[in-house]
Every structure is written in C-alpha cells, then in structure tokens.
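Protein chains: 2
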Amino acid sequence: MLDAPSRPSARELLSLSSLAPLVPMLYVAWTDGELTGDELRALGSAARAQPWLDLKSSSVLALWVDPLRPPPPRELALVREHIRATAEKLATSQQQNLAELGVQLAQALAGEAPLSIPPAELAKALASIEATLGVDGKEAVRSLVPRASRVPHAEPRSHTSSFDPTAMTAVLDRTYANVRRQVRGWLEDADFRYKEGLGTTAYRDQVFDWLKHLANDGLGQLAFPKGREGGGDLGAFIAAFETMAFFDLSLVIKAGVHFGLFGSSILFLGTKRHHQQYLPRVASLELPGCFAMSELGHGSNVRDCETVARYDAATSEFVIHTPSETARKEWIGNAARHARIATVFAQLEVDGERLGVHALLVPLRDEHGKVLPNIRIEDCGEKMGLNGVDNGRLWFDHVRVPRDNLLDRYGQVTEAGEYTSSITGDSKRFFTMLGALVAGRVSVACASLSATKSALTIAVRYGDLRRQFGPQGAPEVRLLDHQVHQLRLLPLVAKAYAVDFALEYLVDRYVHRTEDDAREIEALAAGLKAYASWNATATIQECREACGGQGYLTANRFASLKADTDVFTTFEGDNTVLMQLVAKGLLTGYRQRFEDDRVFAVLRLIVDQAATVFTDRNPIAGRRTDTDHLRDSDFQLRALRFREEALLASVSKRIRKRLTAGVEAFEAFNQVQAHLLALAHASVERIVLEQFLRGVADVKDEALKPVLGRMADLFGLSCLESASGWFLEHGWLTAPKAQAIRKERVKLCEELRPDAVGLVDAFGIPDTCLAAPIGLGRLAPGGERFDDTAADSARAGPADSRAS
Amino acid sequence: MLDAPSRPSARELLSLSSLAPLVPMLYVAWTDGELTGDELRALGSAARAQPWLDLKSSSVLALWVDPLRPPPPRELALVREHIRATAEKLATSQQQNLAELGVQLAQALAGEAPLSIPPAELAKALASIEATLGVDGKEAVRSLVPRASRVPHAEPRSHTSSFDPTAMTAVLDRTYANVRRQVRGWLEDADFRYKEGLGTTAYRDQVFDWLKHLANDGLGQLAFPKGREGGGDLGAFIAAFETMAFFDLSLVIKAGVHFGLFGSSILFLGTKRHHQQYLPRVASLELPGCFAMSELGHGSNVRDCETVARYDAATSEFVIHTPSETARKEWIGNAARHARIATVFAQLEVDGERLGVHALLVPLRDEHGKVLPNIRIEDCGEKMGLNGVDNGRLWFDHVRVPRDNLLDRYGQVTEAGEYTSSITGDSKRFFTMLGALVAGRVSVACASLSATKSALTIAVRYGDLRRQFGPQGAPEVRLLDHQVHQLRLLPLVAKAYAVDFALEYLVDRYVHRTEDDAREIEALAAGLKAYASWNATATIQECREACGGQGYLTANRFASLKADTDVFTTFEGDNTVLMQLVAKGLLTGYRQRFEDDRVFAVLRLIVDQAATVFTDRNPIAGRRTDTDHLRDSDFQLRALRFREEALLASVSKRIRKRLTAGVEAFEAFNQVQAHLLALAHASVERIVLEQFLRGVADVKDEALKPVLGRMADLFGLSCLESASGWFLEHGWLTAPKAQAIRKERVKLCEELRPDAVGLVDAFGIPDTCLAAPIGLGRLAPGGERFDDTAADSARAGPADSRAS
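Taken in sequence, the protein lines are chains C and E. Everything in the first sequence is counted per full-length UniProt numbering, starting at 1 for the first residue and increasing by one. Everything in the second sequence is counted per full-length UniProt numbering, starting at 1 for the first residue and increasing by one.
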C-alpha cells in the first residue's frame, strides 16, 4: 500500500477558524460509532461543498473524515474539551442541535469580528449537513455539552450575610494577598480546566504542561529568584501553593515535589555551587527533579534506609547502590515519567565507615528522557487519586556520580576521602537534614486546608438552595434550615477558619525560624500537618454526605477531592508517626523545664493549676452556664491548656515509672502510645484555638468581628464538647455545664446560619477551580445561580437576591 | 477504495491456540505506540513465516497486524486481561521477555497436552520475532504482567490463632451456609476477576455479563423460584447478595437493582398475574428492569414526588407524565443502558382525584434496546464509584400503559375508573407500599458489612507482616505490635462481628415478619442500614490509613472499596433521614406504652430505672473497676439500655413541651433533631450489642467462646468509651470507672492480638475477590505469603507458619 499523508492533529484542526462550525459534527461523526465509511465520506463531501472553506481547511477536513484514519481517543478528547470550553463561554446554552452549536462556536471564536458568512446562512448550510449525519442532533448536543448544572430549586440565596465577604477574603489573604491574587489570575486562564476522561499518561503529561505553564508564569521564581541563589521568599511560594490547591491537586503535588521537595533539598542541603548550578534550571522546570527518600521497607523510618553511597577515592566518585528489594526507592513522585535527576538519600560510606544518611544528586534520564545506564525505573501504577503525578520506583546498580554531587552543607567528603561535618553526632545531623522536609509538611497542611474549603464551599452553597421536607402544606425547607444540617456543616466551617489562622502562624514562624527554634517549628509543622489533613478527610466526607446523591456525581468534585487528599494523612510523614513526634517534643520540653529551673517551674505549674482550679472549679465560676461565660474565649482556652498540661504531666509520670522499673525505652513508649497521641492532639488543638483567637483579635475591620467572634466560640466550644468525657472525668466540667455547652453550640449555629454562604464565599475560590455545578458562586444574568429556570420558584419564601 | 475483510475480534484471536505464543507480542506491538506501519508489517511477516501456524491463524494474524486496522482500546483491553488472567495461573512469574511469556502462555493453555512444537524451539522462534519488535522485552513484560505482589517483609504470620478459623467461618455462615458456599464457588470462576482500565461502557457491559452469568448459575432462582410465583427464599437471596459483595460492588448493586428492587416491587406490590407474567423473566434476566422512585427534586421525600399516572377510562390506560424538570426520575440504576422496563412510582390520578403514590410497570426499551417513543433517557454520568452501574434519568411524555400495568396489590382501579383499596388512608397505604424498600435496606446493610470485612482482612493481614520502628539494635516491630495499631483495628474487627450478628437477627426478623411487626422491622432495617453503612465508611478509611502508602495503590483495593461504598450512606434512604425514622418509631412506641396501659407502664419504668440505679449507682457496684465487673456483659448492656431509655424520656418530654407551647409539629421536631439522632444511635447500638451477646451465647462450639467473649467485651466497652461524656454527665460512670474502661480496652486488644489474623481469615473471603496483593491469605509453596523472597527474613523473630 502507498503511504498517504497523515491525519492532521486535533490541534491543527481546531486552529482553523473556518472549520469551527463543523467541529461538533466531526466529533459526533466519530464518536457516535454507527457511521459507515460511506456516511463519513458523504459528510465530508457535503461539508467540503461549502463555499466558505479555503483549500487548507478543505484538505484537513478530508483527512479527518477518512474512514481509514480513525482519530485516536486522545485526539477526540481534545476536540471534545475544546468544544466544551468554548461552549462554556456562550451566553446561552439553548443549542437545540449540532448546527446551532456550530454557529455559536463560530461566533464565539470570531469574537467581535463579523463572521465571513451571515449566521442565518451558515445555520442553514450546517442544518443540511447535519441531516446527512442522520443522528439525533438534540441528543448529541446534550451528551456533547452536558448541562451538568441542571440542578433543581434554582432560586436566590437565602440571606444577605451580615458582613462583606470581600473584606473577609482580604483578611484570609493577608500577608501574601498579591501572590494569591496572582495565582488566582493564572488559574483563570482557559488552559486550567479539568479535563475529563484522560488516560493516566495523558493526564500526567497534562499536569506537566500545566506546571510548565506556571513555571513560565513565574511560579519557580517565587521560590528561587534569579540572582539570589540563597533562595527566595518561601512564604510567598507556600501561599502560591495553597492557592493552587483550589485547582487540580495532582498539579499541586507535582509542583510540591519538583519545586518544594527537590528544589528545597538543593537549597537547604546543598551549598553555593549547587545553588548556582541547579536552582535556575529548577525554577524554569528545565531540569525536572524528584526526591528519593522513602524506600519500600522504610517509609516512616527513613533513618534505617538501606541504599548505599560509597565513596571511591580512586575516581573521586560516589557509588550509589540498591542492595536489596526492600531498599528500592518507593513512591517517588515525578520519577516514573518526567524527572531527569533525583535527590537520593543514602547511607554514606567513606573508607569502610558508615556515616549516616546523606543526600546526593543522581541523574536519572538524559535530555531525551532516556533512562541512564544502571538505573531501573518502574511505575508504581494506578493510585486511588493523584494519578496526574507519576510515582515511580528506583533501583541503582552501582551508579557512579562525581564527588560534587553530594549535597554537602552538613557533611563533606574531601577528594582524598576524609569526612568532615560541623555536626558531630550522626543522629543530630540526620535530624538537621530532615529539616528540609518541614516546608513539605507546611505545604501539605496548607493544601489540605484548601481542599477542605473547596468541599465546604460546595456543600454550604448547595445546602442553602436545596429543599427537602417541610411543614405540611408549606414549602419544603432549605437543607441548611434543618438543625442537623447546621450542626453538620457550620462547626466545620468554623474549624476551617481556625486552621487557617493557625497555618498563618505556622508559615510565619517557619519563614522567620532560627537555629534555636527549628526543632519547635518542626514539631509545630508535624502537628498541624496531621491536624489539617485529618480534618480534610473528615470534612470532605461530611460534605459529600451532606450533598446526598449529587455529592456522588463526579462532576460535583467530591470524588476527586476525596481521592486526591486521601494520602495527605500518609505522605510527608504518616500522621500517627508525626503526632508521636509532637508528643515526644513536648516531653523533652517538659523535662527541660524541670531541669532548667526546677524550683521555679514547679512553682509556676502549681500556681497555674491553682488559678485554673480557682476560676473553674470553684462553686460559682465552675458552675456558670450562662452564654457570657461560655462565650468567653479565656474560659475555652484555659480548658484546652489545662487538658494539655494535665496530659503532659500524666504521660511523663507513666513513662518515668516504666523506665524506672527497667522497661526498655521503645517498649515503655509503646505502652503509652495512646496517651502520647492524646497529648499531641490536645497540644495541637490548643495552638489552633490560641491562634484563631490571636488572629481574630488582630483583625482591623470592626465589621468582621462579630461573625468571627461567633466562629471562634463555635470552634472553642466544639473542642470542649468533643472531649467532654475527658473534661467531666477530670472534674473540669460539671454535667449541667456540659449540657449548656451543647445548647450553646446549637444556638451559635442558628446565629451563624444566615452568614453561612458569605463565610464560604470569603474563601475566594474561583468558579473555574470549584467547577462543581451545584456549588458555583456566580449568578446567571437572571439573578439565579443555575441555568435552569426555577421550576418550583412558587415555593420559595421571601429571600434576598445578592450578587457575590 | 475497496472494502477489505474486517479485523477479527479479540475473542476470535484469543480462541486460536496456535496464536497463543504470539499474543503478548501482538499486544505490545499495538500499545507500545511507536511501531511504524512497516515495523508492524515486518512483525507480521516474521510471525507468519512460522511453520506451526495454520491457514486460519495466519490470516487472523495478518488482519491483526494491519497498520490500517488499529484495534480499538476495548479490544486491546480484552487481550491484556486474557494475558493477565492466564499469567496468574503460572507457577512462576519469572518471565524475562515476551518470548518466554509467550511460551508459558502456550503451555498454560495447552494444559496437560504437549505443545505442537518443543518449547525450546518455540522459544527460539519467538525470540527472533521479538527482536524484530525492537522493544525492551523485560520492561514490556513488567508492565504487561505487573507483579503487584512485590511486597516487602515476606515472612510467616506472627501467631497461630487460639481457635480454628474454619469453625468460626461456619458460625458466621450460619443458616445459609450452603448458599454462601455456592456463591463463593461461583465467584471463583475465572470469569470473575477485576478488570483494570475498562471504560465506563465496557465496564457496564462487563457487569451485565457477570450478572447474566450469575443468573444462569441460578441467582435469580433463589429469589424467584420457578413455579412458585409467590416468591422464594428472600433470606437465601440476601445471603447470596452479602457474599457477592466480597467481589465487585457494581455487580452487587446491579443485582440489587434488578432482582432486589425491581423484582421485589413486582413480588410485593403486584398480584398473581404480575408474578406469573414477569417473575420468570426477571429471574432469568431476560427482562432487565429498574426501579424508578427518586426524582430530582424528591430524593428522601418520595411522598411529594411529582410524576403523574392518570387513568384514562376511555382507553383503559394509564398516562404516565413528567410534569416538570424536578419531577424527572433521577439516579435510576440500570436505566441508562440495560433496563427494558421500569417500576415507576407516580401520583395516581383517577377521575380528577389524587390517590397518592402508586407503582406501575412502564416499558422503556424494545427487545433491541431502542428507547420507546415519548420516553427520554439520559445518563447520570460518571460517579465517584459504582461506575459499572448505569444510572440514568427518565422523562415520560404522556406515555400510555395498559391498566394491567398498575401493581395493584394495595390499590386497584376498575376498568370503569373506580378506585378501591383495602387500606383506606393514603398515608398508611403509602407506608405499606414503601415496605417493598425494606429488602433493599437489609441488603445494603449486608453489603456494607462485606465491604467492611474486605478492608479489615487486608489491613489486619498487612499489619501482621509489615514492620516499622523498633528497639535500638533489634528487629523492627510488626505494625500490629504497636499499641496504637491494635487500638485502630481490633475494635473495628469486634464491631464487624457485632454487626454480623445483628444483621443475622435483622434478616431473621425480616424473613419471618408479619403484618403486626412490619413497622418495627422497617425501623430496625433503617437503623441497621445506617449503622452498618456509616461503619463501612469509617472502617474502610481507617484501614486505608493503617496500610499507609500501600493502601493508596489501586491494586490494594481500598480505592474501589471506598469509592463504591461511599454512596451506601445515601441511597436506599439517606442515613440521617433513616435515623430520624428510627427515633420517631421509638417515640410512637413510647407514647403507646403509656396510652396502652399507663399505670402499669409507668410503674414498670420506675422499677426498671430503680433497678438500674440500684445496681450501678450504688456505692459498691457503681464504683467497681475490676476486670470481672467490666467484662460482665450485663453491666455493658444495662449501660446501653439506660442511655436509650433516658434519651427516649428526655426527647419525648422536649417535644411535648414544644407542642404544648404551640410550636408547629415540623418545627418542634426540627428543634430536637440532634436529640432524635442521638436517641436513634443509642437504640441501634443497644440492639447490636444485645444481638452480639445473644449470638455468642448461641454458639455451640465451646472452643470459640473465649475469643468471641473477648470480642463482645471489646465492642461493649468501646460503645461505653465512645460515649463516656454522656455516661459521666448522667452520673452513670464515675471518673475512675471511665479510666478503668480505657485500660480494659487496651488489655483486650493485647489479648486479641494473636488472634487478629484468624479473626479476619474467618470471614472466608476468597483470595480472588480480595485481590489485594498485600492482603492475600494463601501462602506460597515456600510457606511465604508473597512471591518475593523474604529479603530480611533474618530479622524475623520466632514465629509459627500456618496454612489457612
């Protein structure tokens, strides 16, 4: 057979504006699946007979209707996405058939410029072509441009909120407001739209393209500005990361792996020559990298990793080797497809001596993407979510890298093979190096919060509109007017705000950290990462259930929010392990408090506790159940402080008792593991409440104070209620007070109900990122949220319509 | 161009045994994506030069390498699945290249029969063909037959359990042991394997094929036996359903929709003529049906549905009509693709009079699958999970059906247009008809439990083998030897057993229901459906997290378990709504208790409560914290009974107070909604513990009693601990006792630890259903669970190896 010219790509097809009106029909012709070759050819002839087609368009069209050249699904998906994206911009979505859709697409693409032929004439021509297609055009349009937004009860919002959501957004955007606005702007580019139905490979490549787009926009420069090889503004980068997490989470994690983990490892563990040589290419994404720390047998326990980096003085090289199957690098993001280099953590061996875990740069692929010799890479395969990230496994078979590739800020090897380090202890050096992970944990905490906000925005907006059940003979009631629905969602909104202020504090502490408080900040990051990611899992689940069947539709986003965030509780440190780290940090501090100044500390502790007891256990204050008392943030905070302090003293005593009795240290800690987790939780929650209150106190805008005050009360009382067993057990709450707290929460939810939608609007999530038809914020021209007319608007009670 | 012969289907290709050795190369040739037409042709020539190919094979092969006939993805997926399924059966998985894989496939297919050419010769020929392919054969085999089972720390199980898991399986299989064994046998057929990467349409068709397979095996006969049109053994059908839920949940739900909802609607709402006309074709799946109850605007609130069925006496027909967009039937399983008929719930209108919701049979598609006139069907689109079920939307435009199509057991319309019913009240009739839903709720509860068991089996087996952290200088410790890991998983295992016995009770009550206890059983089903499905969501999540990164891989099943079960809390009745139903049932009963025999009832209540107070609040018993007392099931059960009774009295008082004050009924209930849910939860949990204890007491096998006793204690004390706030508040627990309960739980977990794996083995889930490489039960010939050698077996402590 002769070789014919190849079919032009979808991109080429779509670039030809004169073909625009025909694109929907072309798509349907190939996907309808029942057209014979003859029918395809007939369609081609009819189309090519149109006088408005130039020669090039005509020949492209001919190749696109060639029955022997079926376009692959990936190409057709591109065509479909193009049609959908363009259709999204149309003022009306009342296309009745493919011809009308074609005309509208042509008009949308032409913009202000007039069409080359009058619309009416074009419509007529297209209608005649559509007839040759022999499909039900109405049906075809419906499946091609699904009006997923067909949601019932389209009606105005229930309330105008008591505050200006835009002013609240400014509060939440705070220090890095500019960066956040900038990223929102980037994400509103038409390129950043969820693509349905991409296969794994195509999805990964899409994510890489998006990342490249962001790198070009300037994302990398935020973290690693040109000419400042010492590093840029990590706080700004984290704010950007948090904002990006309103969109596709694979993109966020891929960005985190490349810029955050890989880039930061060079920044923090490398020295100036590494910075100069690598960071500019990291910032531009010319050199995609990965972070090879975890091993199959050593996930949480990195210190016992097995990969070896032996120094060969004869050649001044390090030899990287994977000695066993459990030593293979596992779950390495960016490794399966795109990374050309890796930061590899390995046991350093110099002259037969083991010097602990160090990091080295190891090239993985050449510039054409071909894997280098002696390196084996395997795909981790399909995951529950985040399938846009290419996680891989790595094996090294005596791979040699130059001596310079050791990231040697904390440990150096001379050419002759002498090891030097400013930190003498292996263990201390190891933990200092692990500090490079802190930015990752901070970022995951922030991304968790963004996903939480997305879910809450969708669920609260839906709950405000959807009606179900009601008094006999009266309109049904909005879901958010059901008591249980308020209790389901509003405390979670309050908690999201609390976490927001706590993360502001974390980022601020992190950005301004010194050597002295580095360990404290590591513990803070560990604790808040665990708290925020567990909260994401729980909140997204509750929101999904609160949206019922609608929440189960992929289009409404909970599917991806759930699947993508599910691993947040595991990666960058398993939450259970991190919380033990927090507890151990507290125990160390506790011991030091006594060792440093034993007498004073004991005295202070006694005084503190006495004050608590005096205020809260005395017959008057302890039994107060009035609103003023319960909504006194001091009262709430003292409760959480008391719990933390009591648990700390108790765990410390338990461990000392065991150690004194000769129980081995690991076993002694294992026996109180549940207590350690309770202590860590108490401590983190105290910090969250403290920072929420601090943040609210700092707000300048007086108009926002009442609603923020209620939110803080709701969060504070929710903390108390969820641990009421503990507080009752320790005599800190009495039964009537526990009951009063429950009542007060119900009251707070009622009071916050009218502000519910405003509170989620203030998260400032772009509609294009949110994407869920049941959760969009923009109102259609008619003042309604959705494109359906309010079928039962007669039912709606009096309500205010408000543009957001 | 001339029409050439069409490419033979994948099925044809795979049926030719002489092509078997070439199949892997053919697959790789098409999926590698980089072969040019010439390379394809070269491959074809090389292959066809082989002397062992007969003419037919040769021509099929030629068409499969024709560059102009790329096989569609669906066909390639079939080929891949065939290769994988065959490769699964191979004793070794050490194929190094495509040629070796080809030889092994040929041998596997040939079975005992000798190959037509000697294997060595075949291998040589294949190797030369492979060379023409120019791909990395090792890499290709790795991605074609992923050895997902490469899991670390392959080592023997930690303990031999204290009991015989097989005996425990017999206890759990109980009444319907035969049915369960039969279904396990069906599922072990090679046809029932998870298929990766199917598109939605292919997946739906696969599920339909599976269902057809099961119908042929006899599944439908269980529910609707031939010749017994009154119905068969629903208990047996539910047991089959529960067992099927160890496998693909889309299949289970599809079976539930067709046999359960659709079939049962005919059985329960229809009369003899419907049974005779339809049930045999329902049982055989000749007539796939769906159950059209929910409407877009009326999910939980079915009574307000809008679809109308107006009787036209002139033609003796009913006219089914969708009057508005909110009235469209929504989420109808089986509707988007396969159903040919629907049971439609609609407001019956006879002679201008509205008679409430009734059910009618409405044909949807003709025997060729073409949608009938005046019916519109739309696909609901992609969902979070269960994408093998084709949920659709239905609109009826004055569709006419014969008078006979009214399912008229509870309400009849004469030809002249007169309505008759044995139940006078519309409301009572409506709730009687809703009774048809009960089987669905029972089934969802059972399926929830099965999914819970799958997750627990995987997580417990993995936790028993995976090691992480440990004492310095000693082997790392198995996850399940960490205290927190025991506390995470073992109470959930105990709860799964508890739910198992509670569901046995529910099914038994359901099967033997009478008109008198129908309402009580509906409430029981509603409550246990909510309890079991919420438990599934929570347990699967905990298990996923307990498996860390491994839990996030699709291959390890949590992804589908989570996504597929997520809607269980929503469909067949939203859990929150169901729990309110439970509470309202209790309130009705409470009122009746007083009305029926006020004096006696009050007296009994006082006596009951006095007894409780006497036993548990007196200074001696109330403060006992010893093991004997805490592990006294009477003590645990009294606690739960006290809570239920106290909440019931309190809620009743609150509602009465409001109603007396003139608050409108809906609003009065709304104000105590949170209390209603607490009451429902307390009641359901009391029933679960009661039935667990009853079940354990009934077990004949004395050897199982100790472990079951510990499990019941763990469940009972977990109930108390999770509500310790409430019990402390109500003076039912003292602080030292609450603390003692916590300690006792830790101790119980320690005691149950060695039995953990045995307890999940007893669930009896076939390995082919479980499928998760980290959770399989079979041991490889070497006594190890996985196919990797135990890289660190040196680390393993003394342990017993045990076949399961």
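One or more of the hints may lead you astray.
Copies of one chain are not kept apart here, so a pair can be met inside one copy or by any two copies together.
List of simulated lysine-lysine pairs, DSSO-like, C-alpha gap at most 27 Å [said to hold, decoys possible]:
1. 747 x 584
2. 584 x 743
3. 226 x 657
4. 747 x 653
5. 653 x 743
6. 747 x 657
7. 743 x 657
8. 705 x 428
9. 705 x 212
10. 226 x 272
11. 428 x 272
12. 212 x 195
13. 705 x 56
14. 124 x 56
15. 584 x 657
16. 212 x 226
Worth flagging that the hints you see were computed from the coordinates, not collected in a lab. For clarity, every value in this text was computed on a predicted model and none was experimentally measured.
Hint check results:
{"no.": "1", "hint": "747 x 584", "result": "between (39 Å within a copy, 24 Å between copies)"}
{"no.": "2", "hint": "584 x 743", "result": "between (37 Å within a copy, 22 Å between copies)"}
{"no.": "3", "hint": "226 x 657", "result": "neither (56 Å within a copy, 72 Å between copies)"}
{"no.": "4", "hint": "747 x 653", "result": "between (40 Å within a copy, 20 Å between copies)"}
{"no.": "5", "hint": "653 x 743", "result": "between (37 Å within a copy, 16 Å between copies)"}
{"no.": "6", "hint": "747 x 657", "result": "between (45 Å within a copy, 19 Å between copies)"}
{"no.": "7", "hint": "743 x 657", "result": "between (41 Å within a copy, 17 Å between copies)"}
{"no.": "8", "hint": "705 x 428", "result": "neither (45 Å within a copy, 52 Å between copies)"}
{"no.": "9", "hint": "705 x 212", "result": "neither (41 Å within a copy, 63 Å between copies)"}
{"no.": "10", "hint": "226 x 272", "result": "within (14 Å within a copy, 83 Å between copies)"}
{"no.": "11", "hint": "428 x 272", "result": "within (23 Å within a copy, 81 Å between copies)"}
{"no.": "12", "hint": "212 x 195", "result": "within (17 Å within a copy, 34 Å between copies)"}
{"no.": "13", "hint": "705 x 56", "result": "neither (64 Å within a copy, 82 Å between copies)"}
{"no.": "14", "hint": "124 x 56", "result": "within (23 Å within a copy, 51 Å between copies)"}
{"no.": "15", "hint": "584 x 657", "result": "within (16 Å within a copy, 52 Å between copies)"}
{"no.": "16", "hint": "212 x 226", "result": "within (17 Å within a copy, 65 Å between copies)"}
Checked against the numbered hints above, the structure breaks hints 3, 8, 9 and 13 and satisfies the rest.
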